[in-house]
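Fit chain B to the given chain A structure using the hints.
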Amino acid sequence: MIFDLLLVAALLWSAVQTLTTPDLFRAVVQFIVFGLLMALAWARLDAPDIALAEAAIGAGLTGALLLDAVAHLHKKRREQSP
Amino acid sequence: MRTLLNVTVLFLASALGLVLGWLILDLPVAAVHLPEQVTALLEMSGVVHPVTAVLLNFRGYDTLLEIAVLLLALLGILALPRHVSDHQHRSPSANPVLQTLTRVLAPLMLLVAGYVLWAGAHRPGGAFQAGAVLAGAGVLLHLAGLLPAWATPGRTLRAGLAVGLLVFIAVAVALMAQGTLLQYPLGWAGALILMIEASLTLSLGLILAGFYLVLTDSRTRV
Numbered sequence: 001m002i003f004d005l006l007l008v009a010a011l012l013w014s015a016v017q018t019l020t021t022p023d024l025f026r027a028v029v030q031f032i033v034f035g036l037l038m039a040l041a042w043a044r045l046d047a048p049d050i051a052l053a054e055a056a057i058g059a060g061l062t063g064a065l066l067l068d069a070v071a072h073l074h075k076k077r078r079e080q081s082p
Numbered sequence: 001m002r003t004l005l006n007v008t009v010l011f012l013a014s015a016l017g018l019v020l021g022w023l024i025l026d027l028p029v030a031a032v033h034l035p036e037q038v039t040a041l042l043e044m045s046g047v048v049h050p051v052t053a054v055l056l057n058f059r060g061y062d063t064l065l066e067i068a069v070l071l072l073a074l075l076g077i078l079a080l081p082r083h084v085s086d087h088q089h090r091s092p093s094a095n096p097v098l099q100t101l102t103r104v105l106a107p108l109m110l111l112v113a114g115y116v117l118w119a120g121a122h123r124p125g126g127a128f129q130a131g132a133v134l135a136g137a138g139v140l141l142h143l144a145g146l147l148p149a150w151a152t153p154g155r156t157l158r159a160g161l162a163v164g165l166l167v168f169i170a171v172a173v174a175l176m177a178q179g180t181l182l183q184y185p186l187g188w189a190g191a192l193i194l195m196i197e198a199s200l201t202l203s204l205g206l207i208l209a210g211f212y213l214v215l216t217d218s219r220t221r222v
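Protein chains in written order, with this note's numbering: chain A, 1 to 82; chain B, 1 to 222.
Next comes chain A alone, as it looks inside the complex (with noise of 0.2 Å):
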């Protein structure tokens, strides 16, 4: 019961982060942990195969092209402001 409220009070914490970030970079890392601990909510919501899909596509691959994208923003400011 404990840890379904933690991980509920993470779950917004980690959600409102990722909103109201104004760092591009510090708010896809905050979207990974959300999906992470998304993931865990599933596994204690006894859907497994859910969490499964949670945690590699909705954290891992989403959260690969999301910094890809960062890193690219970044890159071509750098370029337009010597």
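Think of the hints as simulated: they come from the structure by calculation, not from any bench. Warning: the hint list may mix true and false statements.
Stated by the list, open to error - What follows is a set of in silico ranges between Cβ atoms, one per label pair, in the way DEER data are often shown: (1) Ala170(B) x Glu79(A): 46 to 52 Å; (2) Leu5(A) x Gln37(B): 31 to 37 Å; (3) Leu7(A) x Leu16(B): 22 to 28 Å; (4) Leu12(B) x Gln80(A): 34 to 40 Å; (5) Gln80(A) x Ala73(B): 27 to 33 Å; (6) His33(B) x Pro48(A): 18 to 24 Å; (7) Pro48(A) x Ala172(B): 24 to 30 Å; (8) Pro28(B) x Thr21(A): 38 to 44 Å.
Just so we're clear, the structure is a prediction, and the values are computed from it rather than from any experiment. Glycine included, each C-beta is placed from N, C-alpha and C at the ideal position.
This is chain B only, laid out in the frame that chain A set:
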């Protein structure tokens, strides 16, 4: 002005949230009890795990459309006008520690993908999860500098991307003769599902890895 707008948006969003929550609480109880139906028919499905039975047998066309959508998304990415770098694209890191670790990890990830695929028949697992692990191995290999990005996929790669959907459609067409879409004959269901899932895993792994490996090569050059 700005604050007024923010407050309005906040108000509308919370109103929408409250209404949605209230509506969900107000929904009538479902008339058909699906879990019981699935359990009752599980023996006919060819697999023991209910989730795989639903995904690959009872509602197989959902999965068929899912793989079609993913393939379509990758085709869309490939169709975008891209600036493929003319010099051999170097991966961001050529760290020897990372490379050695990746060389050890990649075969293990392949093994895990195979296990997750096989486990799908009787416990949580299946094609999508196995494909995601394969894709993860691909991305890791690229990041370690061992796998070049896909500038233009060759013939073999294209065949691998399409094989999942093609096998699925071939099975569906072959079974059309008996009148129902994707209704596996009794006794054959397990083997057909394994065949479809194996090709789906390969295609999904390549497609999901492709999202990363194709996009990461298309650097806009100034």
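- Query: Does the structure break any of the earlier hints, and which numbers would those be?
  - Reply: Violated hints: none; all satisfied.
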